[in-house]
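Asks: Take a look at the letters that make up each chain.
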Amino acid sequence: MSALTTVPKQRRRSVIARVGWSRFLQEIGMLAPAVGLMTIFLITPFLLSFWTAMTNQPLVPRPTPVRFIGFNNFIRILNDGLFWTSLWNVTRFTLWVLPIQCGFAFLTALLLNRKMPFRNLYRGMFFLPAITSMVVVCVIWGTLFQYPTGPLNHVVGVLSGGRIQPIDWLGDPNWAMLSMVLLSAWQAYGFQMIIYLAGLQGIPDELYDAARIDGAGRWGRFWHVTMPGLRPTHVFVLVITTIQAFKLYTQVAILTQGGPKSSTETVVHYMVRSGFEEQKLGYASAVSVILFLIVLVIALVQRRLMRRFDV
Amino acid sequence: MSDLALSVKKPAAALNGYRFVQSISVFIIALVVISPLFMLFIASLKDDRFQILADMGSFRAFWVDHPTFNNFREVGNFAGELAFGRYLGNSLFILFSTVSLGLIVNSMAGFILAWGSLPGRALILAVVIALYVIPQESIIMPLLIIVSRAGLSDTFTAQILPFVASPLYTFLFYQFFAQLPKELYEAAAIDGASIFRTWWSIFIPLSLPALATVSILMGIETWNQYLWPILITQTDYARPISVAIATFFGQDSIYWDRAMAASVLMMIPILLFYLVFQRWFISSFVGSAVKG
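If you read the protein sequences in the order shown, they are chains A and B.
Okay, so the first sequence: first residue is 1 according to this note's numbering, each after it adds one.
Okay, so the second sequence: first residue is 1 according to this note's numbering, each after it adds one.
Because the hints were derived from the structure by calculation, they are not lab data.
Since the structure is predicted, the reported quantities are computational estimates derived from the model, not experimental observations.
C-beta: ideal position from N, C-alpha, C; glycine also.
Don't take each hint at face value.
Stated by the list, open to error - Distance ranges between label pairs, derived from CB positions:
(1) A126(B) - G103(A): 35 to 43 Å
(2) Y208(A) - L152(B): 53 to 61 Å
(3) T149(A) - F78(B): 54 to 62 Å
(4) Q51(B) - M306(A): 50 to 58 Å
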């Protein structure tokens with residue numbers, strides 16, 4: 001790590017003298033592709049988004065020049081009810097998906113952490129949805145959600161003894177977002193499960209042995225050894241799931257296009273629609289700046305929490 | 001002695017009722033979780049799209065009387081309509097180009113950041129780590145301006161080049177190289193190896209775990225790209241299979257049989273890859289979680 005401390009200023013000129021021109025140029029050459037590509041495709045668009053957000057930039061160039069319009073885009077966004085709907089929708093989505101997805105991931109990780117026959121086979125099976133592309137997941141769940149005779153409605157009918165009427169999963173504004181939650185949780189829980197498994201394996205066996213000697217039962221060991229040991233894992237899992245949830249897009253774009261009645265409109269979908277379909281790139285850039293600020297705040301909260309838990 | 005004691009204890013533990021309940025519940029949950037995927041593969045072998053939907057409500061969803069590859073024959077064209085052969089090829093080309101370029105570019109940068117002697121490396125590293133927080137979604141609109149002004153709309157380049165260099169992968173390589181022993185680097189220097197040679201002949205052969213992790217993470221990310229290709233591709237020329245499958249949903253009546261077959265086509269490469277490298281997959285996802 002000491003290699004990282006910056007070279008003092010007065011020695012800066014001597015780098016070439018120290019290592020020679022050939023080595024100096026080689027190092028530049030090896031670093032340049034990554035630095036160059038990141039500058040063009042990451043830093044530039046990022047900085048540009050702040051500028052574009054303050055203009056009336058259209059998607060296709062027009063004869064009229066692009067005008068600087070200050071914070072007008074932001075004001076218009078904040079006055080648009082649909083934007084607030086989309087923000088509320090992703091918040092709702094997050095509040096649903098956190099307990100369902102992380103809870104299920106935690107449960108499967110606890111079950112798989114014990115020694116059992118075919119453990120690796122099970123682990124591989126449980127991870128399969130996580131490597132399935134979202135588009136494929138939409139094809140699969142598009143059939144599962146069929147109304148009124150799809151498999152999910154069939155299961156609901158059998159479990160409720162026919163008391164619950166078939167649900168129009170994607171067509172009912174009350175259900176559409178919950179359907180997105182189910183589909184997304186199924187697709188993504190495998191990742192959180194793996195993180196939890198790693199967290200569980202990081203708890204030293206000696207702690208369990210000590211608890212056992214102290215007379216702790218199964219529950220006692222769970223509450224006093226497993227849960228405290230997993231605190232940083234919980235924080236990490238909750239934060240990455242929240243960030244992911246706020247970027248909800250693909251499944252909504254494919255299955256509901258934000259509908260019915262804007263009940264599944266999300267921030268990214270709203271951005272893509274205003275920028276790509278309505279061709280208002282400046283406006284869409286302003287939405288993307290807001291999205292970045294949201295993600296940044298969540299990431300900063302994570303750092304605070306992680307520091308508090310000493311990781 | 002202690003071995004003996006353990007071997008006596010074990011069978012007793014195995015008969016434990018708790019263990020039994022646990023095994024059964026894992027088995028049942030696994031079946032439920034996997035059943036939608038199983039159903040996809042079965043349905044892709046059924047020729048009648050109305051039959052597929054009719055079978056869905058029962059256990060017939062998991063059984064096919066007369067398996068046929070007709071759906072695959074229908075969608076597997078290389079030109080014209082339903083050219084999923086071409087889309088699959090496009091996706092594979094984008095995948096291999098992005099991952100192989102990405103391995104070279106990010107590992108070179110990670111190596112220089114860890115072992116180079118350029119001034120300002122600490123600053124570059126700090127910037128790289130900070131860049132990681134920027135979500136792709138929030139730069140995609142300006143990126144669209146840059147790429148289309150550069151005349152790269154509807155090209156493979158537009159789908160490969162922007163994603164080659166990545167803060168996360170450069171950082172993962174940096175982290176891996178930095179923890180290799182100093183002696184390796186010094187030995188190479190004494191032998192008079194150039195810095196490029198040291199990277200290529202000494203460090204790269206030792207970094208199989210890092211190469212595997214980055215390949216897998218990058219591969220999955222590239223394979224699943226959807227938003228960017230939808231914005232940047234207009235014709236069949238460079239359209240990836242993910243975007244092509246999504247077009248099934250734009251129709252009034254969805255051809256589920258074809259959509260299922262196309263989905264299976266999209267799953268096969270990643271599934272094969274996964275079956276061979278399962279252990280690597282899981283550890284690489286853990287690796288991606290350990291970050292600054």
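Asks: Can you give the numbers of the hints that this structure goes against, from lowest to highest?
Replies: Hint check: 3 fails alone, others pass.
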